[in-house]
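Enquirer: Chains A and B, in that order, give the protein sequences.
Residue 114 in the numbering used here sits at position 114 of the first sequence, with consecutive numbering throughout.
Residue 1080 in the numbering used here sits at position 80 of the second sequence, with consecutive numbering throughout.
What the hints contain is simulated information worked out from the structure, not anything from laboratory work.
Quick caveat: nothing in here was measured; it's all calculated off a predicted structure.
Keep in mind that a hint or two might mislead.
[Stated by the list, open to error] List of simulated lysine-lysine pairs, DSS-like, C-alpha gap at most 25 Å:
id, chain 1, residue 1, chain 2, residue 2
1, B, K1307, A, K64
2, A, K64, B, K1154
3, A, K151, B, K1154
4, B, K1463, A, K582
5, A, K301, A, K338
6, B, K1154, A, K597
7, A, K636, A, K597
8, A, K151, B, K1297
9, A, K64, B, K1134
10, B, K1463, A, K647
11, A, K151, B, K1307
12, A, K647, B, K1457
13, B, K1154, A, K596
Below, each chain spelled out in residue letters.
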Amino acid sequence: MIKKPPFRKLRGYAFDPSLSMKMDTALINEITYKVPWEESPNDLQPGPIGEYLEVVDYDPTVEKIYAPVNLDDKYVLAQDGLSPSASNPQFHQQMVYAVAMTTIKNFEAGLGRPVLWSPHVVEVDNSAGAKKATKKTKNKEAESTRTLDNKFVRRLRIYPHALRDANAFYSPQKKALLFGYFAARPADITLQMPDNLTFTCLSHDIIAHETTHAILDGLHRRYTEDTNPDVLAFHEAFADIVALFQHFTFPEVLKNHIAATRGDLAAQNLLGKLAQEFGIAIGSYGALRDAIGTFDKKTKKWTPVEPTGDEYRTVMEPHDRGSILVSAVFEAFLNIYKDRVADLLRIASNGTGILQQGQLNPDLVNRLADEAAKASRQVLNICIRALDYCPPIDITFGDYLRAIITADMDLVPDDKRNYRLAFIDAFRRRGIYPAGIKHLSVESLSYAIPETTQLQGLFDILVSFLKGYSNAIIYANSREEIFNINKDYIAGKYSDDKKIYGLHRRIMNKFDGSQEFENLTGLMFSNGWENISIRTSTAYGEEGPSFFIQSLHVASRVGPDGKQSNQVIMSLVQRSQTCVEKDDDGNLSVNHKAAKKEYDFYGGCTLIFDLHTQKLKYAISKPLIDIDAHAKNIYKLNESRCLATYKYQHGHTVPVTRYQAYFGLGKRNSANEPFNFLHNH
Amino acid sequence: MAKAARTAAKVTSIKIRMYRGGTGDFFVLQFKSKATVTFQMMIDCGCIDATKQHFTDRVTDLKAYTKGKIDLLVVTHEHADHINGFKLAADIFKDIEFKKVWFAWTEDDEDSFANDLRKNYSELDKAIRMAVDKLNNIAGNNYFEKVYAMEGDKDEMIEGRKAFVNSMNALNDLNMAGSLAAVTGRPKPTMVEIMKQCNVIKNNTVVEFLNPGDVKSRLAGAAGIRFYVLGPPRNTTYLDLEHSEEGNYEKREKKSKVDFALVSALNASTASGTTSLLPFEHEYEKTGSNESVAIKKYYDTEGDWRKIDYDWLFSAGSLAMRYEASINNTSLALAIQFEDSERVLLFPGDAELGNWESWHDGLEWPVKINGQTEKKKIDYFLSKTVFYKIGHHVSQNGTAKGKGSEMMTSDDLTVMATLDFRRIKPNWLSTMPNDLLCEELINKSKGKFYFSGLRDKIMPNVKTDRVTIKKTHEATLNKLNKPFDGKFFIECEVEG
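Bound-form chain A, shown alone (with noise of 0.2 Å):
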């Protein structure tokens, strides 16, 4: 009996195709991606159709279906896929498969579980019987028969022709990935003829870049709103930094660099300069990376940027922003590489530092070059690993050091080669200072474990259900599965023979009026809560204040000691609707009387419960109400932060493009295809 492979190897190009025109670089440019086997009939269909990826190559501009690719043939087999070429559409479907696995297997080893894409958000006739308002009116009445269900979506679907343009972006509402292709003016007129076609669904760094805001959306579906400058910079940033570093896991990519430029062996200029070509690939791709350093065209010199620790502060675009978090990371990564190839150096030269003459010794390249890669996966793992320590809503840069900093404290105890150190570094010199912090320093910025003596009682009544859901989680067959039981679990099932009371039903019942509660999370579960505009809530038969679960997940990791942690991650989300008034001096005031309110304002917390210790381990909030004025026992709306949400969406900022500028509708309507927006500059 023959084993199944673990992996399907698959050719594709490291950067793009152009450089596979060019002598000296055509041969770098051809790596084999290893992607988790996927097997048909039922697990991979021509497309490739497999159980996380539909690859439908339909090319809306000339209204044409290009033949899909099978992976399963065995001549397609035998030679580990198609040969990578830019003018055969079924190599580009394997491209784009081979890639977006890849990028999702990566994912799962940070995360530690699977990946699952936001839902199809859909609305729900639940009013059985009573027919649904035939007419479209907008009063209250049709719109509290209006409820919304969250569907499963088991694949993302890539369209790798579906734009004539230098372009891709990730559809947050059809799921789905769009590439471009346009006709190109090549730089080197001798490399490509004019008006080439270009694909961007070739590019290892574009289509890694997409794939990642896929997942990043279905991990924290929210920070699709712009609700402070540093949300969506935090979507291209984070996909810009997953593709970069994944690109970097590949020592082949690296080797030739190493051993090609040998003068520069401390090589931190070196990657720096590598990170910006990968990104450079096509369009308008890449230019987050412009931050990490420049090169001057005349004496062909590179040199890094060095921070004046002001940027945050006044960077507002949101890529120049995002570019800003993407160096800020690469300082990091560079420092740790630094670090770990330090005594490789030494034992080269002798403890001269200075390297002999000729060509650099094989084996140190390779040295060299496995240590990039294995610090490359290492930065990966933890910024993929902090988005489980991230608040569900509003993102900001610090916040997100303070989610690398606990993830990795909660993983790694023991920090014997100061990683922290060289992420707090790197954020401190670009001036990203997490709010309401006084000092810098991993204890500070770690979440504290928060006191709980009072309410662990019913922790403990929490934990165990907890730990059953834990385990329904972990004998799931499929991840369909994993979404079902999620859900039941969340909003409860009561009609099979298996009945669970769901956890938002237990959250609204237990901690109903548990002031530590509301200190934990900042969301409001007393009464009185329609004072500040949150809507009331019938679900189970009594009135209470309405707020949602939005995720809910199981994490087991094991680190490098061989520790294991088993963790359940849920988020809760509460919504004021209210209404924010401007004086005659243009002071904004929250109104919670007003006859119109519409504005929303969230407030949101994650939540981390360790199952082994039956504790609720952080606590991570956005808070809705003003924290300090609880501790007074007054209900009042965190106004300070509504009001700043509200300035930054309503204020007179002056757009960053014209394409903005003109196609824009604000940064209240997220669902105009904000990737797409923002790659259009």
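Add chain B to chain A, keeping to what the hints say.
Expert: Just chain B now, kept in the frame of chain A:
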């Protein structure tokens, strides 16, 4: 005759009348020698979304004001907000005499570079029009409402997509010349043809095409006045430039100038033979194979909400924006100078940054100073500027900063802005007026600043929290504009 012209009384002042009521340019300049009007010049006649009545009122007034005789007409560029008045009031223009009309070299149908450019622009124009038609068709059939009926975010989604279509329409409304071509099916006409159709150019009207670097002087009636041609540049790099180049690495591949891939697909229905626009060889289409049939079925049946039939048309958005900027850059930009005092009036049309940049690229103009001819660069003209018609309706890209406004150092500067919220595309409101530019120019001119629009409507958009405007300057601004409240023009006189 020549002798008579030389001894004719020199022009001592220029009175500028700016017609108002909406966003668009419409100017009449009376060159005066003491109290006598010796020369009448008109620049553009347009206003976005204006009605026939709007122009009937104003052009009737113009006819009376100029006594139906205009020595020189300047048509800066082809956007509707600069020329639609000619069409809407063609029945009045037939009774107005134009002795001479100036166009940029782009309108010369004997200039091969201009013809090539116009051919390219025609393709773009047509492609954008096709995209707009297709989008209007989709939106008109309530496609978005149908496909997104059950989506959780349906209101925002439908609103977003419709807003995009509206914005495309707004952009396309500017492309007046193209709309005339669409009717005839021929390439876009030159503005000379359009001005003939509008009864502006008559049998005895002299038509001249101007190139950057040109100087015109000794125009009958305009003694002591010299006209310097700054732009448009004869260089597509500048014409396509909407903002300064940035980034340090050369991208490996950039979009081609004319976006052939997109344009050819949009124009496919009109182009003959479509093979050249297909990205792949036919063998890969294999529409008959089982796999292809299966995948097509997959696309058709696995949910309409995931289909991408219209999304690619949205790429025409950035195409339309680039086209708009290029056309703005074809603006005929003029500096009008009083020979003796060297004072300059600057009329850049809607020139965008590329046009401004090109003035600095090696151009020199012969200037007569104390009877001597000297070659002068653009910094000289900017430093002598005492009147500035703000480019492109006070948007941030209509006035260069370092190479423009900052070089205007005269302490006797007057500024006019053709921005009027009474008629404006809603999309323009977010870039017009640019608060920082207004701050600079209001402070520079010490309040000698005229808006064609109602200042109590516009000033709140100027006074944002990042600008500071001196109270005395604002008082001056109000005082100067006030006498024209309720009139459909604003006037000021610039001394020579």
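Enquirer: Could you work out which earlier hints the structure fails to respect and list their numbers in ascending sequence?
Expert: Number 2 - this is the single hint that the structure violates.
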